[in-house]
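Respectively, the protein sequence lines represent chains A and P.
Counting along the first sequence from 1, when you hit position 29 you're at 29 in this note's numbering, and nothing is skipped either side.
Counting along the second sequence from 1, when you hit position 87 you're at 87 in this note's numbering, and nothing is skipped either side.
It is worth saying that the hints were derived from the structure and are not from the lab.
No experiment lies behind these values; they were computed from the predicted model shown.
Virtual Cβ for every residue (Gly too), placed ideally from N, Cα, C.
One thing to keep in mind: the hints can contain errors.
Here are the computed lysine to aspartate or glutamate pairs in the DMTMM-like style, where the Cα-Cα straight-line distance is at most 20 Å [said to hold, decoys possible]:
| hint | chain 1 | residue 1 | chain 2 | residue 2 |
| --- | --- | --- | --- | --- |
| 1 | P | 215 | P | 264 |
| 2 | P | 215 | P | 181 |
| 3 | P | 350 | A | 103 |
| 4 | A | 75 | P | 301 |
| 5 | A | 116 | P | 181 |
| 6 | A | 116 | P | 352 |
| 7 | P | 350 | A | 74 |
| 8 | A | 116 | P | 264 |
| 9 | P | 350 | A | 114 |
| 10 | P | 258 | A | 114 |
Computed spacing ranges between beta-carbons, pair by pair [as the list claims (entries may be wrong)]:
| hint | chain 1 | residue 1 | chain 2 | residue 2 | range |
| --- | --- | --- | --- | --- | --- |
| 11 | A | 144 | P | 350 | 36 to 46 Å |
| 12 | P | 377 | A | 174 | 43 to 53 Å |
| 13 | P | 45 | A | 155 | 57 to 67 Å |
The residues making up each chain are set out below.
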Amino acid sequence: MTHPLASLRKSLACADPATASETIALGAPGLDRRLGGGILRAALHEAYAGSAADAPAATGFALALARRAMAGAEKPLLWARQEALTAESGAPYPPGLPDIGLDPATVAFIRVRDAKEALQAGAEAGRCATVGATLIELFGDARAYDLTASRRLALAAAAAGAPIFVTRVAASPAPSAAASRWLVRTHPSRPRAANAPGSAAFAIFLLRRRGGAAGQEWHEWRVEWNRDRGAFEDRTFDAPSLSRPVAPFPVGGAPGEGAPQTAGRKFG
Amino acid sequence: MTLADARARAPHLAVAQADAEADERLMLRLAAFCEQFTPLVALDPPCGLMLDATGCAHLFGGDAAMRTYVLQAMARLSFTGRAAVAATPDAARALARFGETAVAPPNEDEIFTRPLSIAALEAPRETSVALTRAGLATLGDLADRSSAALTARFGSETMRRLTRILGREDARITPLRPLPDCMVERRFAEPFLDLSAIENVLRPLIAEAMGILEKRGEGGRAFEARFFRTDSAVRALYFETGAPSRNVEALLRLFRLKADSLADPLDPGYGFDVIRFCVLRAESLAQSQIGFERQDAQDSDVADLVDRLAARFGRDRVLRFAAHETHDPMRAASYVHAASPSSSSGSWPKPEPGEPPLRPLFLFDPPQPIETVAETPDGPPMHFQWRRVRHLIARAEGPERIAPEWWRNTVGRERRTRDYYRLEDRDGHRFWVFREGLYESETAAPRWFLHGLFA
């Protein structure tokens, strides 16, 4: 018979996500060190687009994380996208996926009408252990995505042992069960020859990290996605590409910035 | 007789407008109801139903018993009907409408239809009148004459009807719905009311159907559960799988998803008389030992997930990407049903190491018009306006010239060459824009469009 304390310790170890599952390293050593090795694998992660125009950046960031999570494994990616986003930032263009390092043939794509359906699809995928990662894209103030729904997704991710990423456009960050929450904006790329645009670059702002020690949040990094290495590269201190000041906490402005663009499209 | 005359004679006459459409709807509903007796039911206009009892009658204890059973079921719905059983549809129709015979024994159609009056031919009025004047009262009288003479006098259509009614020519009915590949059902002595127990009924039904399929070496692709309510309402739930399947639990899960997603939930009302499970389409599926090979198990797990999602969201919403061998960016990729067989005709681009992304992550269809200011007519824009926002361009690369595919029969604008540029504005947003038409040779004022967004 096992000692009661030993079994208690064991059950506690299972309950503590940091020890129960491995992490997804972003690939940039400095950044991963600050994150304590990376973001949790079997967990829910959120990426908020800084403004509606940053929607592709948020998706790109989440897809790059999914690529890191699935590295090497021949597992499918499930991608559920709310239809309203098509008018906002277009439809996914499969030939662009290899530039993230993903094989379009391994993607199952679901067009969903509203946030409720998107979450159902995500929860369904979470129960399937062979899905490598799930990406759910929501638009606007998705009321269906509340604390309970996010908790459900987090549990599904934990059960399946694969991450679920939720990107949100034109929404302000709200409490949820996410293990990490990022604010993502595009960032000027490092120019190539003849001033050509370079690799995808993001300004990522860690809004929240579950289990992070106090004072570890509120970091902004500027990262570049290196498709050939399949890793992020830290460009925070590359001064020349810095063409705008590091923004102060920009959360309040997010929905406000989204709104006039929507209106502009309606009348434009 | 006019309506006024009729009312004068019977003052309490109830009058209603004839509504042919409503009649047809009612007949279709009754036909669906009658599918619980036999899967082969056809409309017999204007107000009849034709049931093919082949292979079904013995389930009710013979032709006569089946006829009584159907008439009783109709009576419960407050319909009075006339019914007759015969070897051919036309004989049955004539007997039901013009005869007194309930059941004509096999191969004896002619004996029972000969005494029928010539009205049973349902010929045009002048034909009936002419036949009566010729002293021909019954079908038998007509059948004894030389058919050549009758055809010459009354036309081939009348004679064809005669031979059919006499059972000399066999015609099959065209059922409203094709016969399913496999069908199992449960009949209840008392109407089935408890929705919570419905899976307890369906599970053995599905298992039985799968057992039949397994013996045939087949798996089902399309399924239907039919619920026949006591009050003649019939509900059908249709679902399909991406690959042939015999997995009872997976099918039950699909049924559950489908039932959950119904806008109008399954309602037993006064109860279900019959619950039927049909395999509408079956395909060959080798008998297999499940879970032997890991890769197979993984594939079937994903196929299972796709089926569940398709059952919940609809088949056209669960998609896969297919590549096509073309340099036209709009045609290079398409969305296909996730469950459909591979339809890629090309391969996905393989980026060169060190090369920046050349294709956007998102594409607009149709491309979004933008207003640009460029230094030279054939150079990249310095800034452009899209959705009322001005983007100042910091980096640009291009053009990548993509000519239209001349072998396609395109018209007008689509015939123009497109010069694609990769642009980045000062905030770091990356765009894929194109100028439509070559300056001077194709158009004097080329228009600009935003086609895609990079991450």
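Results for each hint:
A C-alpha spacing of about 37 Å is found between residue 215 of chain P and residue 264 of chain P, which places the hinted pair above 20 Å, so the restraint is violated. Simply put, residue 215 of chain P and residue 181 of chain P have alpha-carbon atoms about 13 Å apart, close enough for the 20 Å limit, and the pair holds. Of the supplied pair hints, the one linking residue 350 of chain P and residue 103 of chain A holds, its CA atoms being roughly 10 Å apart against a limit of 20 Å. Simply put, residue 75 of chain A and residue 301 of chain P have alpha-carbon atoms about 11 Å apart, close enough for the 20 Å limit, and the pair holds.
For the proposed pair residue 116 of chain A and residue 181 of chain P, the alpha carbon gap of about 37 Å is over 20 Å, so the pair is violated. Simply put, residue 116 of chain A and residue 352 of chain P have alpha-carbon atoms about 40 Å apart, too far for the 20 Å limit, and the pair is violated. Restraint check for residue 350 of chain P and residue 74 of chain A: the C-alpha separation of about 17 Å stays at or below 20 Å, so the hint holds. Taking the CA atoms of residue 116 of chain A and residue 264 of chain P, the gap is near 19 Å; set against the 20 Å cutoff, the hint holds.
A distance of roughly 34 Å separates the Cα atoms of residue 350 of chain P and residue 114 of chain A; the hinted pair therefore is violated under the 20 Å criterion. A threshold of 20 Å between alpha carbons decides the hint, and for residue 258 of chain P with residue 114 of chain A the separation of about 18 Å falls inside it, so the pair holds. Separation of residue 144 of chain A from residue 350 of chain P is about 39 Å and conforms to the stated range, judged on CB atoms against 36 to 46 Å. For residue 377 of chain P paired with residue 174 of chain A, a C-beta distance near 49 Å keeps the hint of 43 to 53 Å intact.
The hinted range of 57 to 67 Å is satisfied by residue 45 of chain P and residue 155 of chain A, whose Cβ atoms lie roughly 58 Å apart.
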